[in-house]
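J.: Spelled out, the chains give:
There are 2 protein chains.
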Amino acid sequence: MPATKKTASSTIKKKSSVKEKPIILITNDDGVTAPGIRNLVEAVKDLGKVVVVAPDKPQSGMGHAITIGFPLRMQKLDIMEGVETWQTSGTPADCVKLAVDKVLHRKPDICLSGINHGANHSINVIYSGTMSAAIEASIESIPSIGFSLLNYSMEADFTGARKYARMIVEQILHKKQDRHLCLNVNIPSVDADLIKGVKVCRQAYAKYVEDFDERKDPTGKKYYWLTGEFKNFDKGKDTDVWALEHNFVSVVPVQFDLTNYELKKQLETKLKF
Amino acid sequence: MPATKKTASSTIKKKSSVKEKPIILITNDDGVTAPGIRNLVEAVKDLGKVVVVAPDKPQSGMGHAITIGFPLRMQKLDIMEGVETWQTSGTPADCVKLAVDKVLHRKPDICLSGINHGANHSINVIYSGTMSAAIEASIESIPSIGFSLLNYSMEADFTGARKYARMIVEQILHKKQDRHLCLNVNIPSVDADLIKGVKVCRQAYAKYVEDFDERKDPTGKKYYWLTGEFKNFDKGKDTDVWALEHNFVSVVPVQFDLTNYELKKQLETKLKF
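Protein sequence lines correspond, in order, to chains D and W.
So the first sequence is numbered by the numbering used here: it starts at 270 and just counts up by one.
So the second sequence is numbered by the numbering used here: it starts at 270 and just counts up by one.
Think of the hints as simulated: they come from the structure by calculation, not from any bench.
Fair warning: there could be bad hints in the mix.
Same chains, same label: a pair holds when it works inside one copy or across any pair of copies.
Once the Cα atoms are required to be at most 27 Å apart in a straight line, the calculated DSS-like pairs of lysine-lysine come out as [as the list claims (entries may be wrong)]:
no., residue 1, residue 2
1, LYS345, LYS314
2, LYS485, LYS541
3, LYS445, LYS432
4, LYS533, LYS476
5, LYS539, LYS490
6, LYS539, LYS445
7, LYS318, LYS444
8, LYS326, LYS314
9, LYS490, LYS533
10, LYS534, LYS432
Full structure from sequences and hints, please.
T.: This is the structure:
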C-alpha cells in the first residue's frame, strides 16, 4: 500500500521482525455509537489493526464540511473490545485529519467509512458525510472505501453488508492500488442470499426533487422542513442505481478532481476576453 | 437559458409584452452582510433582476452540507437598495433550494455565489461553501458561477473582482450554455490593472498539509485547532494555481459526476467476486 509513514506512533509500534498488520482507520457520519460502524469493525477486524476515530454525534448530510473557526475535542472511549476507539466533536472529514495527525501519527494503510445507515448512491455522494471522510482520505493518498446500506433504520440487518464489505476490503488490501483510490460502495437492503454480486458502476444522474414543508411555530413564525422525492433521470444499466435496483452491490470509483474537461475544451474557444 | 419555469412567482411577474429580464439568484457562504456579496450584486445588478438569498451567518468550510433533522428559518431584509434580499438559517446549498422553492417559485436563469473572501482554487473547491451553492444550482440545471477573491480580509479591494465577475456573467448570460454549466472563478488579489486576463484551467492538485495546534483549556482538557500550510504538488501550466500565480483570473468548469472513469475501467477487470 502506498501509505507514507510520517513518524512512528506511540500506540502502533513497528515490529521489524514480523510482517506488520495493515492499519485500518474506520470512521463514519452516523456517530461512533451507530450500529453501522460496529458492524464494519466486526467485518474487518481480523484483517489488520483497526483504529476507530468517529464523530461524537450524527453528521449526516454534512457533505465535505470541515471545522474552521472552532477548536475540536477528542476523547478515548472503551466501547469496542480490543479496538482503539476515539470520538471527536468534528465532522467526518475532521475525523480523518485528526486520526492521521493526532491518533495514528502516520497514514493508515486504508480508511473505511460507514457502514452508513441509508443510501449514498447517485447524487447523494455529494451530500454524504460518509463519503466525505473517504474522499478526504483519498486526497491524502490513503486508499479509502465508503460503505452504505440502503436502510435508514437503526435496527437494519447488516449481514449482507458485512459479507460484501469484508470481501471488498480483502481484495483492495491485498493488491497494489492507485494512491487516490476511493470507492463508493452501496449495498441493497435484502437478505444476504438474494444479493447477486458486485458491479463496478458510474454515478447515476438521480436526485431528490425537493420541496419545503412550510409550518408555523407557536408564535406564528414560519419555518421550513426539507422534504423531497427521489427521482432517477438516468436509465443507464451501468449506473449505481440500476445495479442496486437489481440487487447488486454497487461500487463507484470516486475522484476529487471536479474539473469538467469536456466543458473546459468548449470554453477555451467560446469565452472571449 | 435552459431554466424551467415551474410556476409564476408572486413577486416576479411575467411580462409577455416585453422581453423578460433574466433572474439572477445571488448567494454566498460568508453571510448576507459580507462585503463580497454586496460587491457581486453591484457588479451585475443592471444585467437582470437580482434576488439575494444568503446565509444569516458565515458558513465557510461547510462543503456541500445540507440541513436535515432541523427546520430552516428565512427572513426578508431591507439592506440592499432595490434588491429583494433574504437571509436563511441554512447552508449555502440550502439557500439555493429555498430560493427556488420558496422565494422565486421557479428556477433562476443563473445562480451566482460569492464573491468569496478567500481562495477556492485547487482542492478548496471540495470544502467551499461558495462552490457548494454553485454546484447545487448546476445539479438543478441552473447555470452557475462561484467567485472568489484571493484575499480573506473584510476590507479587501474588490475592484478587479467586480470587473471580471461582470465580464464573465455577461458572456455566460448571453450565449446558450450547457444546462449543468458550473464555473469556479478565482480572482488574484492585485490591482485591477495588473490582472492579465482570464484563463480556462483545470483544478490543481494543491492542498493544505495539515496539523493541529494542541492546547489546554482552563480546566486542563485538550482541544485542537486546525492549522495548515498550503502546498502545490502540481506544476502544470494549465492549472488554476498557475494562472493565479501569474495574475490571471482562473476559470475552472466544475462537474458533479464524481465517477473516476479511468479507475472504473481498471477495476472492472481487476476486482473478482
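J.: Each hint: holds or not?
T.: Against the structure, the hints:
{"no.": "1", "hint": "LYS345 to LYS314", "verdict": "within (19 Å within a copy, 53 Å between copies)"}
{"no.": "2", "hint": "LYS485 to LYS541", "verdict": "neither (50 Å within a copy, 54 Å between copies)"}
{"no.": "3", "hint": "LYS445 to LYS432", "verdict": "within (22 Å within a copy, 49 Å between copies)"}
{"no.": "4", "hint": "LYS533 to LYS476", "verdict": "both (25 Å within a copy, 22 Å between copies)"}
{"no.": "5", "hint": "LYS539 to LYS490", "verdict": "neither (48 Å within a copy, 57 Å between copies)"}
{"no.": "6", "hint": "LYS539 to LYS445", "verdict": "between (42 Å within a copy, 11 Å between copies)"}
{"no.": "7", "hint": "LYS318 to LYS444", "verdict": "within (18 Å within a copy, 56 Å between copies)"}
{"no.": "8", "hint": "LYS326 to LYS314", "verdict": "within (23 Å within a copy, 42 Å between copies)"}
{"no.": "9", "hint": "LYS490 to LYS533", "verdict": "neither (46 Å within a copy, 50 Å between copies)"}
{"no.": "10", "hint": "LYS534 to LYS432", "verdict": "between (44 Å within a copy, 24 Å between copies)"}
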